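For our numbering, add 27 to where a residue sits in the sequence shown, where the first one is 1.
Distance condition first, Cα-Cα at most 20 Å in a straight line; then the derived EDC-like pairs of lysine to aspartate or glutamate:
| # | residue 1 | residue 2 |
| --- | --- | --- |
| 1 | K86 | D67 |
| 2 | K96 | D68 |
| 3 | K72 | E57 |
| 4 | K88 | E105 |
None of these hints come from the bench; they were simulated from the model. All values derive from a computational prediction rather than experimental measurement.
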Amino acid sequence: MIRELICTGSIILLLCVLLPIMPADAQRDEATVAGNWTFDDGTAKDSSKKGLNGNFAGKPKSVDGIVGKALDFNGEDEGIKIPDSADINSGGPYTDRTIAAYFNCDDVGIDSRKQVIFEEGGRTRGLVIYVFDGEVYVGGWNRAEYNWNGEWLSAEVESKRWYHVGLVIRNASGKVEKDKFEMWLDGKLVEKADGGQLHAHGDDIGIGFTNQNAVYHDEGGSGTNIDWFQGLIDEVVVYGSAFDQGDFSQASQALNVEPQGKFTTTWAALKAQRTQK
28 MIRELICTGS
38 IILLLCVLLP
48 IMPADAQRDE
58 ATVAGNWTFD
68 DGTAKDSSKK
78 GLNGNFAGKP
88 KSVDGIVGKA
98 LDFNGEDEGI
108 KIPDSADINS
118 GGPYTDRTIA
128 AYFNCDDVGI
138 DSRKQVIFEE
148 GGRTRGLVIY
158 VFDGEVYVGG
168 WNRAEYNWNG
178 EWLSAEVESK
188 RWYHVGLVIR
198 NASGKVEKDK
208 FEMWLDGKLV
218 EKADGGQLHA
228 HGDDIGIGFT
238 NQNAVYHDEG
248 GSGTNIDWFQ
258 GLIDEVVVYG
268 SAFDQGDFSQ
278 ASQALNVEPQ
288 GKFTTTWAAL
298 KAQRTQK
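Please work from the sequences and hints to get the whole structure.
Now the structure itself:
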């Protein structure tokens, strides 16, 4: 009897530990992965098998990250150039999209300039995630076809702290509609805004800087090799599906364990389970 009680108690304790990190109502569809850059081997290799291996601008350093390894960018001339892809920018139209990344910015107000985490597209159509003046922004626009002038949502962030940011286009069409564009931060929905589908956008893709043209909330962003990020970036993903609460909650769990240790193994196991489905 005592042994049975001990076994039962152990199972309950294990469930209490595991339940908070199990995904709920997750919409992440591995069949729609467009690119996944973990940086775990110190390179910009795409682990999604889509072959979108990035090329370094400069020499960002490989350091301990929030999940495995991350890259440390100097804010001056270090970034990653990503090849064009039908899954990201040269195909379309894209009715569902998720871009997500962990970041840790050295100074969120440095020189009152933008620090780009990820960008795709150009001045007419595109998406962007960047830090500026103490806030992280996600932006999207499609200024042709159906004239989505763009939305830029933001949330306050602090220097030298890990965050997980997500940009989502959800079930959009070829017209501007309510609540189609979303911003997520640390597993929580920050805000929804008007949005629509994204048509092909040929300007180059960048991680850690604007590779070739973007649009910011103040209409800046025109140029190449500008607005370099200073700090750490880890686990950048692009999907052709719209992540849900369960997906972002799962990703944010990594922020609750520092320094990294057992949770890294758990996170890797969860990713493997999702891939096998």
